[in-house]
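Participant: Residues per chain are reported as follows:
There are 4 protein chains.
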Amino acid sequence: MTDANWKTAISDVASGQIRVRGYDITELMEQVSYAEAVYLLLKGELPGKAEASLMNAILVSSVDHGPTSPSVLATRTVISGGNSLNAAMAGGVLAIGDMHGGAIEQSAKILQEWALREGPIDVLAGQLADWLIQSNTRMPGLGHTLHQTDPRSGKLFEIAALHGYSGRHIELCQALEGSLARKVGKHLPVNINGATAAVISDMGFDWRIGKGFFIISRTAGLLAHAYEEMTREKPLRKLGPMPFTYDGPIERKID
Amino acid sequence: MTDANWKTAISDVASGQIRVRGYDITELMEQVSYAEAVYLLLKGELPGKAEASLMNAILVSSVDHGPTSPSVLATRTVISGGNSLNAAMAGGVLAIGDMHGGAIEQSAKILQEWALREGPIDVLAGQLADWLIQSNTRMPGLGHTLHQTDPRSGKLFEIAALHGYSGRHIELCQALEGSLARKVGKHLPVNINGATAAVISDMGFDWRIGKGFFIISRTAGLLAHAYEEMTREKPLRKLGPMPFTYDGPIERKID
Amino acid sequence: MTDANWKTAISDVASGQIRVRGYDITELMEQVSYAEAVYLLLKGELPGKAEASLMNAILVSSVDHGPTSPSVLATRTVISGGNSLNAAMAGGVLAIGDMHGGAIEQSAKILQEWALREGPIDVLAGQLADWLIQSNTRMPGLGHTLHQTDPRSGKLFEIAALHGYSGRHIELCQALEGSLARKVGKHLPVNINGATAAVISDMGFDWRIGKGFFIISRTAGLLAHAYEEMTREKPLRKLGPMPFTYDGPIERKID
Amino acid sequence: MTDANWKTAISDVASGQIRVRGYDITELMEQVSYAEAVYLLLKGELPGKAEASLMNAILVSSVDHGPTSPSVLATRTVISGGNSLNAAMAGGVLAIGDMHGGAIEQSAKILQEWALREGPIDVLAGQLADWLIQSNTRMPGLGHTLHQTDPRSGKLFEIAALHGYSGRHIELCQALEGSLARKVGKHLPVNINGATAAVISDMGFDWRIGKGFFIISRTAGLLAHAYEEMTREKPLRKLGPMPFTYDGPIERKID
Numbered sequence: 606m607t608d609a610n611w612k613t614a615i616s617d618v619a620s621g622q623i624r625v626r627g628y629d630i631t632e633l634m635e636q637v638s639y640a641e642a643v644y645l646l647l648k649g650e651l652p653g654k655a656e657a658s659l660m661n662a663i664l665v666s667s668v669d670h671g672p673t674s675p676s677v678l679a680t681r682t683v684i685s686g687g688n689s690l691n692a693a694m695a696g697g698v699l700a701i702g703d704m705h706g707g708a709i710e711q712s713a714k715i716l717q718e719w720a721l722r723e724g725p726i727d728v729l730a731g732q733l734a735d736w737l738i739q740s741n742t743r744m745p746g747l748g749h750t751l752h753q754t755d756p757r758s759g760k761l762f763e764i765a766a767l768h769g770y771s772g773r774h775i776e777l778c779q780a781l782e783g784s785l786a787r788k789v790g791k792h793l794p795v796n797i798n799g800a801t802a803a804v805i806s807d808m809g810f811d812w813r814i815g816k817g818f819f820i821i822s823r824t825a826g827l828l829a830h831a832y833e834e835m836t837r838e839k840p841l842r843k844l845g846p847m848p849f850t851y852d853g854p855i856e857r858k859i860d
Numbered sequence: 606m607t608d609a610n611w612k613t614a615i616s617d618v619a620s621g622q623i624r625v626r627g628y629d630i631t632e633l634m635e636q637v638s639y640a641e642a643v644y645l646l647l648k649g650e651l652p653g654k655a656e657a658s659l660m661n662a663i664l665v666s667s668v669d670h671g672p673t674s675p676s677v678l679a680t681r682t683v684i685s686g687g688n689s690l691n692a693a694m695a696g697g698v699l700a701i702g703d704m705h706g707g708a709i710e711q712s713a714k715i716l717q718e719w720a721l722r723e724g725p726i727d728v729l730a731g732q733l734a735d736w737l738i739q740s741n742t743r744m745p746g747l748g749h750t751l752h753q754t755d756p757r758s759g760k761l762f763e764i765a766a767l768h769g770y771s772g773r774h775i776e777l778c779q780a781l782e783g784s785l786a787r788k789v790g791k792h793l794p795v796n797i798n799g800a801t802a803a804v805i806s807d808m809g810f811d812w813r814i815g816k817g818f819f820i821i822s823r824t825a826g827l828l829a830h831a832y833e834e835m836t837r838e839k840p841l842r843k844l845g846p847m848p849f850t851y852d853g854p855i856e857r858k859i860d
Numbered sequence: 606m607t608d609a610n611w612k613t614a615i616s617d618v619a620s621g622q623i624r625v626r627g628y629d630i631t632e633l634m635e636q637v638s639y640a641e642a643v644y645l646l647l648k649g650e651l652p653g654k655a656e657a658s659l660m661n662a663i664l665v666s667s668v669d670h671g672p673t674s675p676s677v678l679a680t681r682t683v684i685s686g687g688n689s690l691n692a693a694m695a696g697g698v699l700a701i702g703d704m705h706g707g708a709i710e711q712s713a714k715i716l717q718e719w720a721l722r723e724g725p726i727d728v729l730a731g732q733l734a735d736w737l738i739q740s741n742t743r744m745p746g747l748g749h750t751l752h753q754t755d756p757r758s759g760k761l762f763e764i765a766a767l768h769g770y771s772g773r774h775i776e777l778c779q780a781l782e783g784s785l786a787r788k789v790g791k792h793l794p795v796n797i798n799g800a801t802a803a804v805i806s807d808m809g810f811d812w813r814i815g816k817g818f819f820i821i822s823r824t825a826g827l828l829a830h831a832y833e834e835m836t837r838e839k840p841l842r843k844l845g846p847m848p849f850t851y852d853g854p855i856e857r858k859i860d
Numbered sequence: 606m607t608d609a610n611w612k613t614a615i616s617d618v619a620s621g622q623i624r625v626r627g628y629d630i631t632e633l634m635e636q637v638s639y640a641e642a643v644y645l646l647l648k649g650e651l652p653g654k655a656e657a658s659l660m661n662a663i664l665v666s667s668v669d670h671g672p673t674s675p676s677v678l679a680t681r682t683v684i685s686g687g688n689s690l691n692a693a694m695a696g697g698v699l700a701i702g703d704m705h706g707g708a709i710e711q712s713a714k715i716l717q718e719w720a721l722r723e724g725p726i727d728v729l730a731g732q733l734a735d736w737l738i739q740s741n742t743r744m745p746g747l748g749h750t751l752h753q754t755d756p757r758s759g760k761l762f763e764i765a766a767l768h769g770y771s772g773r774h775i776e777l778c779q780a781l782e783g784s785l786a787r788k789v790g791k792h793l794p795v796n797i798n799g800a801t802a803a804v805i806s807d808m809g810f811d812w813r814i815g816k817g818f819f820i821i822s823r824t825a826g827l828l829a830h831a832y833e834e835m836t837r838e839k840p841l842r843k844l845g846p847m848p849f850t851y852d853g854p855i856e857r858k859i860d
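Chains as they are written, first to last, in the working numbering: chain H, 606 to 860; chain C, 606 to 860; chain R, 606 to 860; chain P, 606 to 860.
Think of the hints as simulated: they come from the structure by calculation, not from any bench. Just to be clear, a hint being listed does not mean it is correct.
[As the list claims (entries may be wrong)] Here are the in silico distance ranges between beta carbons for each label pair: (1) 728(R) <-> 858(H): 40 to 48 Å; (2) 768(R) <-> 859(H): 15 to 23 Å; (3) 739(R) <-> 750(H): 52 to 60 Å; (4) 855(P) <-> 789(C): 34 to 42 Å; (5) 732(C) <-> 759(R): 48 to 56 Å; (6) 763(C) <-> 855(P): 20 to 28 Å; (7) 766(H) <-> 751(R): 54 to 62 Å.
[What the hints assert, rightly or not] Which chain R residues stay away from chain H? Per the calculated CB distances, all over 10 Å, these: (8) 675; (9) 725; (10) 728; (11) 738; (12) 809.
In this text, all values refer to a predicted model and were calculated from it rather than measured experimentally. Cβ coordinates follow ideal geometry from the N, Cα and C atoms, glycine included.
Please model the complete structure; the sequences and the hints are all you need to start from.
Facilitator: As structure tokens, this is what we get:
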């Protein structure tokens, strides 16, 4: 037998009736934004104004970052092999890993563990900086391979400030940036993953779903790239990775 | 060499600068909704007020439909096997096929082909109904296994009407529902897939990306179910498909 | 309730006992090759000597084709994003589409339809060639972008001939190659996908699982490339598709 | 530019020529088994007789375990949603995670770390047992939810013994089973994942590709189940997870 006693608290569905966390889907369609619906699904309650703006900004911030990101390359490759749209988008989602979007959950994990400790934020930030330096750990969510300063993180913190929305995680994240810069002598600004981690932590989201916001956001870009690949490029075009060199064994025979 | 001459018109990215279809990402984060950003990515221009409301309603309409849909089952199964969040969400996206969400693109394809023909909509609807009956083709986007009347399609058409937003595809879709009911003697109301197909067709979207809106929408529900499975259930629980009977060969030996 | 009456004829499993199509798994582990086990799973019976050799040759033929194939690129991209081995291999399998491995099923479909017709093979081959030319259809499984003559198809037919194994599908496939060359004046030799299609059709496999043999075969290469990427390359390396040009809108503001 | 200096040692491909690790693919098709080809791809050299038999036994051992495993459920669910064969098989591979096949890599990791230590195997096994007990760690690869004794592990060790093939990893694995039974007073026999971990470790495979052998093996079963679902079942059938209870909020209105 399948598991007979399991429960779900997300949606209740019957003929002619779909309720998400208790709200009728038709009311939601008319009265809430997609970002608010995402918040409702995950937290069980509709967001306030600040949380709605922040959730929307997070979902917009990562819709696309050009064609060189692994998720877009995977999506275009799957389309190029002659596959369906959902297979291509799934391929893109598969590429979103520890090195690509993963800093959200890794950074949120550290922020959530440290923000629980007692004491003023600047002291905690100093202790966290020391621990990172001593354990030779790179803080996820700081620095970016392309952007010296990631314009998206500043904007996200600005929206939070506009709403007077700031808790221990945002404060710790910002204090850590300064503390690390002073102690290491090198300034690594918070990137969008780090800022997202801080904001969703203050909203009370579990760090384990941090990458989920990035995934939802990026599906929009994946769809746009899938469609562009479909309509502007030939199938099986040379997407990469070339040129390369073969350095294995030369010709030989089975004995 | 990789394909050296390919072009993309989606995003332009440089150090400290991310532009989507020409708009700075920080402006978008603050001033547009996620639904508007999706429209911008796909069409290249920001939507008007009617299109923004409709795009948002479409994205909210399919965020979740309870745990029995194939996409949710696939996501929960992948989590249950002990996998990462992105693998689980990709698994869910993989299940969104011709029988699950696919009616959007199949219905939009038919509507887009027929709406091109000349003549008044009610005549076209009658001809389309005749063709469907004669070729024994089931019109995708009509009827629902669970809902006698799908509450979401009525709401979507209502939002379109509120904005005075109606073109040949919405009209043809609605006329077809009546025409088929009269000719066949059985009323199959437009479901959310059919209504979405009609609305995105009037917005000028290619039918080939119809399923993409459903996929973006549903990733929210997949994330919520992945998290619920992670936090409320034990790994490797009996998710299905049981009970079943084995009816293959009984025990035998290799000769 | 889940579907209470469904049946499976593949495996029968109980405590201390696993039987595949009636055979004890421990007997199979010791006495049959993996290729024979694949045949057993799909056909329900163990293969004869000819079928075992051909199934093995098919599975070996496509284990790898270098790093430029879409499936390998997708697998390496997923690894490069910082993901698990199974996510990477799934990404590779996703890329195996109509344009990459898909010719097996498309070619087998045509061969299986035409081989049912009455008449001598050379007459059928001529008629099939005429139909392809008149309907401007490219026969899947003929020609190759890289190989003037695909060495694998010749070897597969040679193994079939060695065992005196030839039916209407192999004959039709080979006759069609000659017939098309004469009628079109251009020689497109059968490639490995076409040869596989002909051989599995003579073995009695449904064309709808044609791509499955390619997928099983290629998982070996995907694993090897995933491991090489993991051990020889840095994460997030520039896998492609670059260089490219952005040709979308230049900078603009939201009105 | 894509990464211009990268190298691969797996395959060398040119017009009319495909060489895997230096061997011509047509020679391999005729002279080696699929299991030997897998070994060649991963190790760079053809296996000896013992390794070939063991690799084959490993690949045959996990071809299928009935329809209740997560990978099969995911594959059937993706087919049921109306998707392509490769999407369905990829869905199945996605479900092969830490709790499903993952014990191979986790067990091999521990065996490879401990087998490096000096001292007689029975002493090491006792120390490893003590460490597991003290750190309250469950040894992966021991015990099975269904099988009191997994028939496949005994057979795999038997094939190794037949070839006089035994190294420190197989010995450590077997000694650990006994040592833990004595110290804990409960006998948890080595299951197929544990036995595979021990055998591939003695063959010199990196624990990080442990799950790969299971994935290759199981693709055969996934294909068989995909085909059975396609041919014996209706689309969108109730695969699970039902019955379930909704225990979220009752109906409510947006304020």
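Participant: Now tell me, hint by hint, if it's right for this structure.
Facilitator: Hints and how they fare:
1. As the Cβ distance of residue 728(R) to residue 858(H) is approximately 43 Å, the hint placing it in 40 to 48 Å holds.
2. The hint said 15 to 23 Å for the Cβ distance between residue 768(R) and residue 859(H), and at roughly 20 Å that hint holds.
3. The hinted range of 52 to 60 Å is satisfied by residue 739(R) and residue 750(H), whose Cβ atoms lie roughly 55 Å apart.
4. A hinted range of 34 to 42 Å holds for the C-beta pair residue 855(P) and residue 789(C), which are about 38 Å apart.
5. At about 54 Å, the beta-carbon gap between residue 732(C) and residue 759(R) stays in the expected band of 48 to 56 Å.
6. Our hint of 20 to 28 Å for residue 763(C) and residue 855(P) holds, since their Cβ atoms are close to 25 Å apart.
7. Hint check: residue 766(H) to residue 751(R), Cβ distance near 58 Å, so the stated range 54 to 62 Å holds.
8. A cut-off of 10 Å between C-beta atoms contradicts the statement that residue 675(R) is not in contact with chain H; the least separation is 4 Å.
9. Every Cβ of chain H is farther than 10 Å from the Cβ of residue 725(R); the closest lies at roughly 35 Å, confirming the non-interface assignment.
10. Remark: the non-interface label on residue 728(R) is consistent with the geometry, its nearest Cβ contact in chain H lying 33 Å away (cut-off 10 Å).
11. Distance check for residue 738(R) against chain H: the nearest CB is about 23 Å away, which clears 10 Å, and the non-interface claim stands.
12. With 10 Å as the threshold on Cβ separation, the claim that residue 809(R) sits away from chain H holds: the shortest Cβ distance comes to roughly 27 Å.
Of the numbered hints stated above, the single one contradicted by the structure is hint 8.
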